[in-house]
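Enquirer: First to last, the protein sequences are chains A and B. Going by the working numbering, the first sequence opens with residue 4, and the numbers climb by one from there. Going by the working numbering, the second sequence opens with residue 126, and the numbers climb by one from there.
Hints are computed from structural coordinates only; laboratory data are not their basis. Here a beta-carbon is modelled for each residue, glycine too, at the ideal position from N, C-alpha and C. Hints should not be assumed to be uniformly reliable.
What the simulated footprint calls covered on chain B by chain A, stretch by stretch (three residues with Cβ under 8 Å from a Cβ of chain A suffice, anywhere in the stretch; the number is not a length) [claimed, not checked]:
id : stretch
1  : 137-145
2  : 149-162
3  : 253-267
4  : 347-353
5  : 500-507
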Amino acid sequence: MSAILHLRIDGIAVEVPEGASVAAAVARATRSFRQSRHGMPRAPLCGMGVCFECRVAIDGEPHVLACMTAAREGMQVRTHG
Amino acid sequence: MAEGCEVLVIGAGPAGLAAAATAAANGARVALLDAQPRAGGQVWRHDIAHGASRRARRALRRIAPVKRHFGMRVVAADPGARTLLAEDSLHAREFGWDRLVLAAGARELFLPFPGWTLPGVTGAGGLQALVKQGWPVAGRRVVVAGSGPLLLAAAASLRAHGARVLAIVEQAARDDVHAFARKLWHWPDKLAQAARLRMALAGVPIRYGAVVRRASGDSHLQTIDIDCDGRVETFECEYLAIGFGLVPDTGLARMLGCGLNDATHPAIRVDALQRTTVDGIHAAGECCGIGGMQTASIEGAIAGHAAAGNEAGARALLPSRDRARRFADALAHTFAPGPCVRMLADDTTIVCRCEDVTWGELRSFDDARAAKLATRCGMGPCQGRICGAALAELLGWSWHGHPRQPLFPARLSTLAFDSLATFP
Ligand SMILES: Cc1cc2nc3c(=O)[nH]c(=O)nc-3n(C[C@H](O)[C@H](O)[C@H](O)COP(=O)(O)OP(=O)(O)OC[C@H]3O[C@@H](n4cnc5c(N)ncnc54)[C@H](O)[C@@H]3O)c2cc1C
Ligand code: FES
C-alpha cells in the first residue's frame, strides 16, 4: 500500500495517495480551480500541462500547474475559484 | 555552464524512451528530459492505482544507462550555442547537446461548443491523464465524446477507475468506422487491442455520427445534449471527457528553426532517418505526425540510431515504420473531424479560454494576426495552444510563425539565467 499524503487546499485538509497530482488533491476539496478573466469558474481541461486552467498557488508560489505537480506532504495550496 | 552530453532527448514518451535507449545501446552518452515528474509520456503515464503496463516497464528498463531529468520543462532555446534552458519547480538549468532528439509528442484537439468551459468538461485523454494520477471518478457518471480510438482507451481507463461511463459519442459515421474495423486484420496487434477494448467496454453504448451540442450546469457540469442524426438526447453526468483527436507539439522545434510540413496542424518535417531541417536535430513520434505508440517507438529507435551515427541500424527499421505509418494514415482518414463538429459554437461561445474571447468576436477576422491584435485571442498563458489549434481546424488560420520565447510562462529567475545571453 502506498503512503498517504496530507495537504491543505484553501485551508481544507485532504488526503491523497503518494504519486497523486496536486490537481487530484484539489479535486477533493473544490470543483473550481480558478476564475476566468470574466469571473467564470474553470477547472482542468487537458490534464497534461498545456491549457493552464489548473493553475494554483502552492506554498506561496503562484501560477503552478496542478496537473504537472506531484502532491507532497504538508503542501498548502490556494485556488482562485 | 551548460551540462553537455552527446545525445540529448526531449520527451520521455514511447518515442523519446526508444531514442534514448537506442542511442545509449550504440555507445552514446545520453540525457533524457521530460516535463512530467515521471517517464512514460501520454500513453504510458504512470497509473497510481494500477501501475505500469508490461510494455511500459520494458521500455523503462531499457533506459537504465541514461541520465534522467524529470519534472524539467524546456522553456527556451539557443540553437546557435546548442543549448536549451529548462526549469523544474525550484531551479533553472541549461543543457547542451551534440545531437538533439525532439520527442515532444502531441496534445488533444478541442473544438469549442456552448458550455465547454464549465468545470467537469475535460479532454478525453485529459480526464484519463488526471484519473491515472488520482483524480477521483469512482461512481461518477461520465460521457466520453469527440473522435478517434483515444475515446475507447480513455473510456476503458475511466471504467477501470470506477467511473460509470454512460455512453461514447463518436462524430465519425458508423459505416466509416466499420469499414476501418474490417481493415484491421492487416495489423493483427491492433485487432487484438481492439478486441481487448471491446471487452473492457462491454455494455457501454456507442453513438456514431453524433455530437455534443451543449454542456449545461450552474458552476459545474450537470447535463449534456447529444445530437444523433437530428434526434437530441440529454444525459445527466458529472463529467464530459471530449477530444477530437491529436495535434503535433511543434513549439520547441519552431523555436529551434526546424521546418514544419504544411498540414492543417503542422508536424515537424523529417527525412527517412528522422532528421529535421536543422543539422544535428532529429525528431520522432507524434511531434512528426500523429501515429500512435508503435509508430512513435519505431521512429524513436530510428532517431536514436541515427543520432548515435549508426545509419545501418536506422535503415533496418524503415519497413516496420512505414507499415505502422500506413495504419496511422487509415486512422486519420476515418476519424477526421466532419462538418457537423465545425458548427457547434455560437456567437457567445468562448474560444480563447485564457482571455475569454468569443466566437462572435473572432469569426469576422481574416487571419490569426489581426484577431490577436484586436482581441488578445491566443495571448494568454497557454499561448494559443488550445484556441490556436481550434481556429486552425475551424477557419484554417495559421498560428505557426516563430514562437515567442519563453515557450511556456517561466519564472523570472529562470529567464534571468546568466549564461543565456541571447535571450531577448
Ligand atoms: C492526453 C493524452 C492521452 C493519451 N492516451 C493514450 C492511450 O491511452 N493509449 C494510446 O494508445 N494512446 C494515447 N495517446 C496517444 C499518444 O499520444 C501516443 O500513443 C504516444 O504517447 C505518443 O508517443 P510520443 O513519444 O510521440 O509522445 P508523448 O507520449 O506525448 O510524449 C511526449 C513527452 O514530451 C514531453 N515534453 C513535451 N514538451 C516538452 C518540453 N518543452 N519540455 C520537457 N518535456 C516536454 C511531455 O511531457 C511528454 O511526456 C494519448 C495522447 C494524449 C495527448
Ligand atoms: S489541466 Fe491543462 S495545464 Fe493542467
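Enquirer: Hint by hint, say whether it matches the structure.
Expert: Evaluation of the provided hints:
{"no.": "1", "hint": "137-145", "verdict": "violated (count 0)"}
{"no.": "2", "hint": "149-162", "verdict": "holds (count 3)"}
{"no.": "3", "hint": "253-267", "verdict": "holds (count 7)"}
{"no.": "4", "hint": "347-353", "verdict": "violated (count 0)"}
{"no.": "5", "hint": "500-507", "verdict": "holds (count 3)"}
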